[in-house]
Amino acid sequence: MELKINRLQHIGLPITDIEASQAFYEKLGFHRAMNATFDHEGAPGQVSMMQRGDITLELYQMPEPELSRVKQRRDGRIDHVAFDVDDIDATYALLKSEGFAIIEDQPVFLNFWARGCKFFNLLGPDGERLEFCQIL
1 MELKINRLQH
11 IGLPITDIEA
21 SQAFYEKLGF
31 HRAMNATFDH
41 EGAPGQVSMM
51 QRGDITLELY
61 QMPEPELSRV
71 KQRRDGRIDH
81 VAFDVDDIDA
91 TYALLKSEGF
101 AIIEDQPVFL
111 NFWARGCKFF
121 NLLGPDGERL
131 EFCQIL
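Here the sequence shown is numbered in full-length UniProt numbering, starting from 1 and rising by one per residue.
Everything labelled a hint here was simulated from the structure, so no lab data went into it. Treat the hints with caution; some may be incorrect.
To be verified - In silico DSBU-like links for lysine-lysine, alpha-carbon gap of 35 Å or less:
no.	residue 1	residue 2
1	K71	K27
2	K4	K27
3	K96	K4
4	K71	K96
All chains, please: the whole structure from these sequences, using the hints.
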């Protein structure tokens, strides 16, 4: 039997303030598809599934003492999450106008794929790096 993987189902992001993270991702056009609590070693944690189209992000806030460990990290546990876009320049202009702190001064070209790609990054409220990328 061959392993069949359909698509990326979700990306799990450990966060430190669930309300702040929900508001941040809502500003990027995601909506709250599910909110729940879970038990972690006898203490409650919180999870919010944020969706936009076929993209699902799992934002989860661990209880203490794990929450303190998450707060101490310097960057996210995932290097980056990349979102595919159709028009990188328009996306850059829109997010810049919305006040997002974009890392690059302009979209960057890489000689990847057949004709290259252009991308830029911004940081989420917990230091997670979000890449916006257009394959040309």
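Going through the hints against the structure:
{"no.": "1", "hint": "K71 with K27", "verdict": "holds (23 Å)"}
{"no.": "2", "hint": "K4 with K27", "verdict": "holds (34 Å)"}
{"no.": "3", "hint": "K96 with K4", "verdict": "violated (39 Å)"}
{"no.": "4", "hint": "K71 with K96", "verdict": "holds (27 Å)"}
Consistency with the previously given hints fails for number 3 only.
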